Amino acid sequence: MIVGAALVELHVHGSRSLKAKRGVVRSIVSRVRSRFNVSVAEVGGQDTWQRAVLGLSVSGSERVRVRQSLDRVVAFIDSLHLAEIRASDVEIIDLPQEEQGDEREFEPDFCPDSWEREEG
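Just so we're aligned: the sequence shown equals residues 1 to 120 in our numbering.
Rather than coming from a laboratory, the hints here were simulated on the basis of the structure. Where hints are given, some of them may not hold.
[As the list claims (entries may be wrong)] Listed next, with one range per pair, are the computed distances between beta-carbon atoms:
#, residue 1, residue 2, range
1, ARG31, VAL90, 16 to 22 Å
2, GLN68, SER17, 34 to 40 Å
3, VAL43, LEU80, 17 to 23 Å
4, ALA41, ASP94, 22 to 28 Å
Keep in mind the model is a prediction, meaning the values are calculated, not measured. Backbone N, C-alpha and C define an ideal beta-carbon position, used for all residues, glycine too.
From just these sequences and the hints, can you work out the full model?
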């Protein structure tokens with residue numbers, strides 16, 4: 001499985017309050033969610049008037065497609081002209097897949113040792 005994550009730092013021009021900035025960020029997040037199959041959230045800059053950081057994530061089976069998806073979302077955000085993209089950083093992670101035949105039996109009562117609570 002391939003997982004792509006991106007951070008997009010935005011500058012919201014003309015914003016004079018947190019309320020105004022949040023309206024712009026909400027609009028961007030809503031439009032991204034309705035157009036793309038990605039996760040998106042404001043992950044930084046919540047307490048500043050003109051700065052916001054969006055976190056994006058997408059998963060897939062092909063590295064190139066995951067990267068293209070994130071690149072398209074960043075380009076779309078830029079095309080909205082609601083905020084200026086100051087920086088963006090994309091990271092692609094290859095997670096190991098289970099080998100065929102390496103699947104475990106489902107155990108409904110399984111609980112990792114680290115999750116068990118001490119009684120008393």
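Comparing the hints with the structure gives:
no.: 1; hint: ARG31 - VAL90: 16 to 22 Å; result: 20 Å, holds
no.: 2; hint: GLN68 - SER17: 34 to 40 Å; result: 36 Å, holds
no.: 3; hint: VAL43 - LEU80: 17 to 23 Å; result: 19 Å, holds
no.: 4; hint: ALA41 - ASP94: 22 to 28 Å; result: 23 Å, holds
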